[in-house]
Amino acid sequence: MKNIEELSKELGYSVFSMEEAGAIILDGYTSDLLSDVMGNASEDCALITIQAHKNTVAVASLIGIRAIILCNGRTPASDMVEAAAREKIALLGTEENQFTVSFRLAQALGKV
Amino acid sequence: MQTIPINTYNSPTVILELIYRLKVKDVMTRKLISAPLGSTMRTVQNLMRENSITGVPVVLGNRLLGIVSMDDIIRALDFGYIQEPVEKHMTKNLILLEDDMPVSFAISYFDRYSFHRFPVLNKNKELVGMVTTRDITTRLLLEINREVENLERMNQTTTVTDGLAKDVHSFSILKHDFENAGFASTQIKKKLKSSGVFPPIIRRAAIASYELEMNIVVHSNGGKITAEYGPHEVVITCEDSGPGIPDLNKAMEKGFSTANEWIRSLGFGAGMGLPNVQSVSDEFSIESSPKGTIVRSTILFNEPHEIGKENTNEEH
Numbered sequence: 000m001k002n003i004e005e006l007s008k009e010l011g012y013s014v015f016s017m018e019e020a021g022a023i024i025l026d027g028y029t030s031d032l033l034s035d036v037m038g039n040a041s042e043d044c045a046l047i048t049i050q051a052h053k054n055t056v057a058v059a060s061l062i063g064i065r066a067i068i069l070c071n072g073r074t075p076a077s078d079m080v081e082a083a084a085r086e087k088i089a090l091l092g093t094e095e096n097q098f099t100v101s102f103r104l105a106q107a108l109g110k111v
Numbered sequence: 000m001q002t003i004p005i006n007t008y009n010s011p012t013v014i015l016e017l018i019y020r021l022k023v024k025d026v027m028t029r030k031l032i033s034a035p036l037g038s039t040m041r042t043v044q045n046l047m048r049e050n051s052i053t054g055v056p057v058v059l060g061n062r063l064l065g066i067v068s069m070d071d072i073i074r075a076l077d078f079g080y081i082q083e084p085v086e087k088h089m090t091k092n093l094i095l096l097e098d099d100m101p102v103s104f105a106i107s108y109f110d111r112y113s114f115h116r117f118p119v120l121n122k123n124k125e126l127v128g129m130v131t132t133r134d135i136t137t138r139l140l141l142e143i144n145r146e147v148e149n150l151e152r153m154n155q156t157t158t159v160t161d162g163l164a165k166d167v168h169s170f171s172i173l174k175h176d177f178e179n180a181g182f183a184s185t186q187i188k189k190k191l192k193s194s195g196v197f198p199p200i201i202r203r204a205a206i207a208s209y210e211l212e213m214n215i216v217v218h219s220n221g222g223k224i225t226a227e228y229g230p231h232e233v234v235i236t237c238e239d240s241g242p243g244i245p246d247l248n249k250a251m252e253k254g255f256s257t258a259n260e261w262i263r264s265l266g267f268g269a270g271m272g273l274p275n276v277q278s279v280s281d282e283f284s285i286e287s288s289p290k291g292t293i294v295r296s297t298i299l300f301n302e303p304h305e306i307g308k309e310n311t312n313e314e315h
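Listed in order, the protein sequences are those of chains P and S. No gaps in the numbering here: position 6 of the first sequence is 5 in numbering that gives the first Met the number 0, and each next residue is one more. No gaps in the numbering here: position 309 of the second sequence is 308 in numbering that gives the first Met the number 0, and each next residue is one more.
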């Protein structure tokens, strides 16, 4: 079991917002379709996506996702960073694509 | 002279819409008591007494020839021709309504003419009904009641259902307003949280309200989300003002979407919205016409969730 700060350091993510560094991440979910995230992602997971806008934060907040990892070097708009801080959802970024992030996060969480 | 105290040109919009939407055939009496040509005034008098009516059309088959009113009968009794045939004494100079005319026509006719009733003909000039002021006011009261109920529901105020005071929240949602999308669902979630509702239930309500909210943002001309909180359930209603869903079965299919590229690039339009709502709802209904779509999702606080199957990741 690892918290957001540990995972972020271990996997080398850049940090756009991290209000609750100690929040525990249990799982990951990879999708760019917000309805799919809404219907299928579990609570306390990290969302791996390229959707770098505010609506992603709204979805995350509504279903209890604790961290959003933006892939392919996408940078969030400032209103997305503000929303993430307000909702206490960690907003992280990486140059890696969704496949690589999924694979490495699963390893770090001991899923594989 | 009987009039209906409704102004047909500058009444409130709701009333104007109503009197133009309702047709004469929606308010008229279809059960006709008529006298065939050749009957006597006495026969008509008896018909009136037996049926407690004050006007009887005189017909030949389906064709209207005249009307005998209570006044005509009184005059016949006064002047001693009650045994004579109706065709000699009926009113032949008739003002007619057509069944497809809006009720507003009938209302202005009652204002303009001194008749107590108007016969209604269809396109083929056949007599199909009669309209009195009472027919119109009864139907209007029913419809106005329904409109007022809707207005109350839309108006963020407390409304009373089944004798229980319920909290009702309503949120206006604008077309393509991605900026504020999620506000209604967040408010609904907060309200349920502060009421101590079980978290998995809150999650289901959040999913339903968010998907419905996004549907209004993405697909409609704008609309409203209403949440009605009861002691045992929350009912989330999504109403928009069009353009409607052409094929409801397709819309309920997973993966079917009509969203454009721009919407999809934002991560919406995955074709999972309505199926998601249905799968988290204990009761679900949808109706759609070009005038608008209404989706209602009920989520019970206590009942085990059995409709559809939501991925709850129970292994954690």
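Don't take every hint at face value.
Stated by the list, open to error - Stretches of chain P that chain S covers, calculated by requiring three or more beta carbons in the stretch to come under 8 Å of a beta carbon on chain S: (1) 22–35; (2) 69–77.
To be verified - So the derived label-pair ranges between C-beta atoms look like this: (3) P/E4 with S/E282: 53 to 61 Å; (4) S/N149 with P/N71: 42 to 50 Å; (5) S/T12 with P/N96: 32 to 40 Å; (6) P/E9 with S/S288: 50 to 58 Å; (7) S/K253 with P/D43: 20 to 28 Å; (8) S/E151 with P/N2: 42 to 50 Å; (9) P/R85 with S/I293: 40 to 48 Å; (10) P/E9 with S/P230: 26 to 34 Å; (11) S/L141 with P/N71: 54 to 62 Å; (12) S/N179 with P/N2: 28 to 36 Å; (13) P/N96 with S/N149: 47 to 55 Å.
Claimed, not checked - Sample of chain P residues with no beta-carbon within 12 Å of chain S, all distances over it, derived: (14) E5; (15) L10; (16) V14; (17) E18; (18) N39; (19) S41; (20) T55; (21) A57; (22) V58; (23) A82; (24) G92; (25) E95; (26) N96; (27) F102; (28) R103; (29) A105.
Simulated from the structure, these hints should not be mistaken for laboratory data. Values in this document were obtained by computation on a predicted structure and should not be read as measured data. We put the CB at the ideal spot given by N, CA and C, even for glycine.
Quick check on a hinted range of 54 to 62 Å for S/L141 and P/N71, using CB atoms only.
Since the Cβ atoms of S/L141 and P/N71 sit about 60 Å apart, the hinted range of 54 to 62 Å holds.
Outcome for the supplied range 20 to 28 Å, where the beta carbon pair is S/K253 and P/D43
Holds: the Cβ-Cβ distance is about 26 Å, inside 20 to 28 Å.
Distance rule for P/A105, whose beta carbon must clear each one in chain S by more than 12 Å
P/A105 clear of chain S: closest Cβ-Cβ about 14 Å, beyond 12 Å.
Closest CB-CB distance from P/E18 to chain S, is it above 12 Å?
17 Å, holds
Against chain S, does P/G92 hold up as non-interface, every C-beta pair farther apart than 12 Å?
17 Å, holds
Examine the region 69–77 of chain P for residues whose CB is less than 8 Å from any CB of chain S, and state whether their number is three or more.
Since 0 is below three, the answer is violated.
That 26 to 34 Å hint for P/E9 and S/P230 (C-beta), does it hold up?
Given a distance of about 48 Å, which is not inside 26 to 34 Å, the answer is violated.
Assertion that P/R103 lies outside the chain S interface [Cβ separation over 12 Å]:
20 Å, holds
Please confirm whether P/A57 is truly not at the interface, meaning its C-beta sits more than 12 Å away from all C-beta atoms of chain S.
3 Å, violated
Would P/N96 pass as off the interface with chain S, using Cβ distances and a cut of 12 Å?
16 Å, holds
Verify the coverage statement for the region 22–35 of chain P against chain S, using a C-beta to C-beta distance below 8 Å and requiring 3 or more qualifying residues.
holds (count 7)
Does P/S41 really sit off the interface, with its C-beta more than 12 Å from all C-beta atoms of chain S?
4 Å, violated
Checked against the numbered hints listed earlier, the structure breaks hints 2, 3, 5, 9, 10, 18, 19, 20, 21, 22, 23; every other hint is satisfied.
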